[in-house]
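**Q** One-letter residues, chain by chain:
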Amino acid sequence: MADASVSSSVGVTSRTAPSAGAPTGRGSGHKLRTRLVEVAFVVPAVVYLVLFFGYPVVKNVLMGFQAYTTKTFYTGEAPWVGLANYSAVVGNAIFDRTLWNTLFFTAGSIVGQFALGLAIALFFHKRFALSGVLRSLILLPWLIPMIAGTAVWRWILDTDNGALNRILSAVPGLDLHPNWLTSPQLALVAVIGVNIWLGIPFNMTILYGGLQEIPEELYEAGALDGATGWRAFRHITWPMLRPVVTVVLVLGVVYTLKVLDVILGLTNGGPANSTQTISTFSYDMSFRQFDFGQGAALGNILILISLVFAVVYLRINRKAVDE
Amino acid sequence: MARQTARSSARRGTRAGLAALLVLPLALGACGGGGGSTSSGSSDTLRVLDYYNSDPNKTLWNDAIMACGKTVGMKISRESVPGETLIQKVLQQSSSKTLPDVLMLDNPDVQQIAASGALAPLDDLGVDSSGVAEGVLSASTYEGKLYGLQPVTNTIALFYNKKVLEAAGVTPPTTWDELKTASAKLTQGEQYGFAMSNVNTYEGTWQFLPFMWSNGGDEKNIDTPQTAQALQLVKDLLDSKSLSQSSVNWTQADVADQFTAGKAAMMINGPWNFGTLDKVSGLEYGIVPIPVPQAGGKTVSPFGGEAWTVPQTGDKDKQKKAAELVQCLNSDENEVKISLGTGTVPTKPALADQVTSQNPNLKAFADQVPDLRARTGELGADWPKAATKIYTAVQNALVGGMTPEDALKQAQNG
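Top to bottom, those sequences are chains C and E. When the letters of the first sequence are read in order and numbered with our numbering, they come out as residues 1 to 323. When the letters of the second sequence are read in order and numbered with our numbering, they come out as residues 1 to 414.
Hints are computed from structural coordinates only; laboratory data are not their basis. Please note that the accuracy of each hint is not assured.
[To be verified] Quick partial rundown of chain E residues pointing at chain C, CB under 7 Å, derived from the structure:
| no. | residue |
| --- | --- |
| 1 | ASN200 |
| 2 | ASN396 |
| 3 | THR403 |
Beta carbons are placed, not taken as given, at the ideal position from N, Cα and C, and that holds for glycine.
Take the sequences, apply the hints, and build the full model.
**A** Structural data, given as structure tokens:
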């Protein structure tokens, strides 16, 4: 008993500390010490946030308003140019295209990842022989280094010698050799397809966890009332899974908006900029053309878009906590 | 009660200590990122930075650098980083004032870095560049001053599969028309007649330049009939299926793979592939200059390779020694030795015979040296913008459904 009261008073809130019965004479010193402990616990988090999130974000926002080039690194001079970087990137011939590509890429990836992830999660929710092993194998795309994954996909999707087109050509009566990665009409579809493959494990894992949380009794009670199969999903699974679904979708959008490696590995934004998104465009500006100012401006536009979704996520989360 | 309080405050002390400990690695990590561990080194050591991190370059250069270190009487501390990280490293070192004493740079980057003020003019340090081809020097010259000295160079040419061409009764093409007919004739079954890289990076631009330049095109303004004709040639090859559409996604390494796998009878590529090609049993290849628009024309190609520079480190004496090292790396003897070892050609045309007599495959490349053109010769530090325009136009015309004229006009006007 005594131990429990002690541990509950330690460093949590100063309100509970006096109830531990400290002599009033030592109250102020005691309070100060409690305060110090609190600060000591907050400091690591604050230092971490400022160092690894605050500084880069502020730096990036500032860079967006500067003429920041290779010269800047040596001289330290980065003249302020107001909105010139923003007007330059928005006025760029391919900006509209990258915006639409970002939109299609994100929407397409999320819809595909979520639908397939949910289907697989539901499938594994029914336990069967080897289901555990198979479920772990589904996580493979997550474990393969992204660059290796995209290299293999590049080979699979190659027009002349790729595995996919070889299989297609083996189908009798089908004379198809789609230029998966080299036709501007198909490349974005192909890239979305690969990104869906990459995103399935994340969606499946979280949704599967959500499914496990739903009490079995609900299904038993539902079954007595005639709710089985699709109706059980519609009236029990889906409403119970809603909070998890929101998390998966919002996090998915934020992760997908900034995807870089998949696109760089598969098409490098090509052909003819057909898979260029804001994030690949930003990378190109900063690290290939060395115009760090314009690259930062694009990065900031992307941050702004992500922020909208992050706010949506926080609001939904708060609502869920309030309820 | 009293005992309890004492115990709990003791625990509080420990926890506060633990919390403070947690901060420590973060603070240390932050220092590590900015400061870097490189010291300026002792006064008798020259720090050298390059990206020759794989053989044969790694060993050959290491031998040359160490030998030159002995010649100039300095110890050497050499660091080799992966190629794609070199510029990042240089920029980091620029801002932390920890640049090495001798720095290797890819030739199109020299002017960009020189423009930032990080490099010392070599003329002031007494470096002698006589005998080096004009075009090569122009890449390392910024605002009238020489900032880098490049011992060896490479460029691209047309490789062809001897057996395949012989079987088809085709002689290696020398003009654009011949290239078209030969490619069409050599395209059979799973084999394309011709392969080149039209990828959307500077690599694609580099491969397109010989066609553009040999026809009188210019990077200052790509919206010209000359450049449009060059682009039309590549588009014709692609549209007639003599060139795979996959070329818009091929790097030069992919192109070499196609050639060695027998999927392409001819390819545009460089001498750095000799090692790979020689390992393929039964493959006999020949090399000729890249075909020109009309018979008797001259091939104008860009050149590759790296230049050695001396960064502004503030230590005048060491800079003098560093310049001596650069001079030594560019000696006739080293140029020949490194050319033969790495499949490149000397930048001094007078040394060409010494190299081609020992490796005839290098002849097609060595012959081009006097006429080689620097990518940054006209535009200097603005070259990356032009290079982006060129590969964008190439892709738009090849697969983006635009005519070469429209694609070039759109790219030129941004």
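**Q** Now, for every hint given, state plainly whether the structure supports it.
**A** Each hint, compared with the structure:
no. : hint   : result
1   : ASN200 : 4 Å, holds
2   : ASN396 : 5 Å, holds
3   : THR403 : 13 Å, violated
Hint 3 from the earlier list is the only one contradicted by this structure; the remaining hints agree with it.
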